[in-house]
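Let the sequences and hints guide you as you build the complete structure.
As numbered in the numbering used here, residues 142 to 492 make up the sequence shown, in order.
Do not take every clue at face value.
Unchecked claim - Restricting the straight-line Cα-Cα distance to at most 25 Å, the calculated cross-link-like pairs of lysine-lysine (BS3-like) are:
1. Lys414 - Lys434
2. Lys225 - Lys249
3. Lys249 - Lys210
4. Lys453 - Lys483
5. Lys400 - Lys453
6. Lys483 - Lys414
7. Lys453 - Lys414
8. Lys210 - Lys225
9. Lys453 - Lys434
10. Lys299 - Lys249
11. Lys414 - Lys400
Claimed, not checked - Label-pair ranges, simulated between beta-carbon atoms:
12. Cys170 - Arg231: 37 to 47 Å
13. Thr253 - Tyr334: 14 to 24 Å
14. Gly201 - Ala245: 47 to 57 Å
15. Asn438 - Arg231: 47 to 57 Å
16. Ser430 - His365: 49 to 59 Å
Derived from the structure by calculation, the hints contain no laboratory data.
Note that the structure is a prediction, hence the values are computed from the model and not measured.
Every residue gets a Cβ at the ideal spot worked out from N, C-alpha and C, and that includes glycine.
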Amino acid sequence: VLQLDNLSGKHVSFPDALRIKDDASVVECRIRKLRSLFQAFVEIILLLIPLEKQISQRNGLTALMIAAKADVVELVRLLVNDEKLMVDARGETALMIAVRNNAAAAVKELLTHEATRASANRERYTALHLAVQTNNSILVEQLATLENNIPQACYTLKDFPNSRNAHALINVTALMMASIGNAPECALILSRYEAGRHEQLFGYTALMLAAYFNHSAIVELLLHSESRETMHNGWTALMVASSRGNLRCCAKLATCESKLTAQGLTALMLACKHNFLNIVTLLYPLESSIYHKRVRNGVVERWSCLTYAAAKGSTEVVMFLLEHHPSREDIRLAASCSHNPKISILLSAHH
142 VLQLDNLSGK
152 HVSFPDALRI
162 KDDASVVECR
172 IRKLRSLFQA
182 FVEIILLLIP
192 LEKQISQRNG
202 LTALMIAAKA
212 DVVELVRLLV
222 NDEKLMVDAR
232 GETALMIAVR
242 NNAAAAVKEL
252 LTHEATRASA
262 NRERYTALHL
272 AVQTNNSILV
282 EQLATLENNI
292 PQACYTLKDF
302 PNSRNAHALI
312 NVTALMMASI
322 GNAPECALIL
332 SRYEAGRHEQ
342 LFGYTALMLA
352 AYFNHSAIVE
362 LLLHSESRET
372 MHNGWTALMV
382 ASSRGNLRCC
392 AKLATCESKL
402 TAQGLTALML
412 ACKHNFLNIV
422 TLLYPLESSI
432 YHKRVRNGVV
442 ERWSCLTYAA
452 AKGSTEVVMF
462 LLEHHPSRED
472 IRLAASCSHN
482 PKISILLSAH
492 H
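So, in structure tokens, the structure goes:
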């Protein structure tokens, strides 16, 4: 910064400018010293590699893993040929550790050496699965070209039904994990590679998992590539959303999946069972004419949505359905299935 002296016409430096110049010189000097120290450090590493390569700490971390975690790509290059594909105590490679720590430079360097390797543990996940869990779409983009369609052997969900084995999913793709974790940017990238795949235990697709957790943005993203797929029990994504009371997802799925049944069971009937009046209101114009044939006491019966609502004690839904003038046969069957005194009175009044 210079100032023009009005009398002499000469440039005079500000004191602050001189101080800045001095500070810059100090910084440059320190940088040179650090570079010199780093070079000396690298030379020491080069001497130690033949003597201590592949020796890990108690937690299984190798020198390569430590360098990858710190994103020191120069050291990663020095160590990768001797220590690639080794795993720590958790069964993870240096690439996986780099992904966990968002170490982008190390990830790029390790891709060609460790991509497609699954973790050495029960879950058998890849670096791509970890990138999705950290919601890092940049790393997902890099890893997806190499690790797509390698499912995770076992994935445990905390917020899931408590029935036997229901908390554990088998062969879960990275796209499914993006749906579970509500990572739309990751899901968009992965949909190019993994749309249409089914989880093994129950038959969930990524769309169904998004519908289960009410992640409507991902439902909209996957709607055209995965709609009308069914689980092992015949349920669609709309049925999953309806049984959970997820109105936003139901609204998006209804245009593609209404009128589909699981051996006669509809999404509307599921909403009636669980007393989700807002979803019943949405689906009634689309599915109210469908009946579900069921055997009760050795007799085949045609259950309507009213029958399901009455059998499960969904009072608000019963009141709504009665306003739409169901047939006398539907009312009679619903009354025979009702165990709720209030619902029984309502049905008797309309019989």
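Evaluation of the provided hints:
no., hint, in the structure
1, Lys414 - Lys434, "holds (16 Å)"
2, Lys225 - Lys249, "holds (14 Å)"
3, Lys249 - Lys210, "holds (13 Å)"
4, Lys453 - Lys483, "holds (13 Å)"
5, Lys400 - Lys453, "holds (22 Å)"
6, Lys483 - Lys414, "holds (16 Å)"
7, Lys453 - Lys414, "holds (5 Å)"
8, Lys210 - Lys225, "holds (14 Å)"
9, Lys453 - Lys434, "holds (17 Å)"
10, Lys299 - Lys249, "violated (32 Å)"
11, Lys414 - Lys400, "holds (17 Å)"
12, Cys170 - Arg231: 37 to 47 Å, "holds (43 Å)"
13, Thr253 - Tyr334: 14 to 24 Å, "holds (19 Å)"
14, Gly201 - Ala245: 47 to 57 Å, "violated (23 Å)"
15, Asn438 - Arg231: 47 to 57 Å, "holds (55 Å)"
16, Ser430 - His365: 49 to 59 Å, "violated (27 Å)"
Hint violations for this structure: numbers 10, 14, 16, all remaining hints satisfied.
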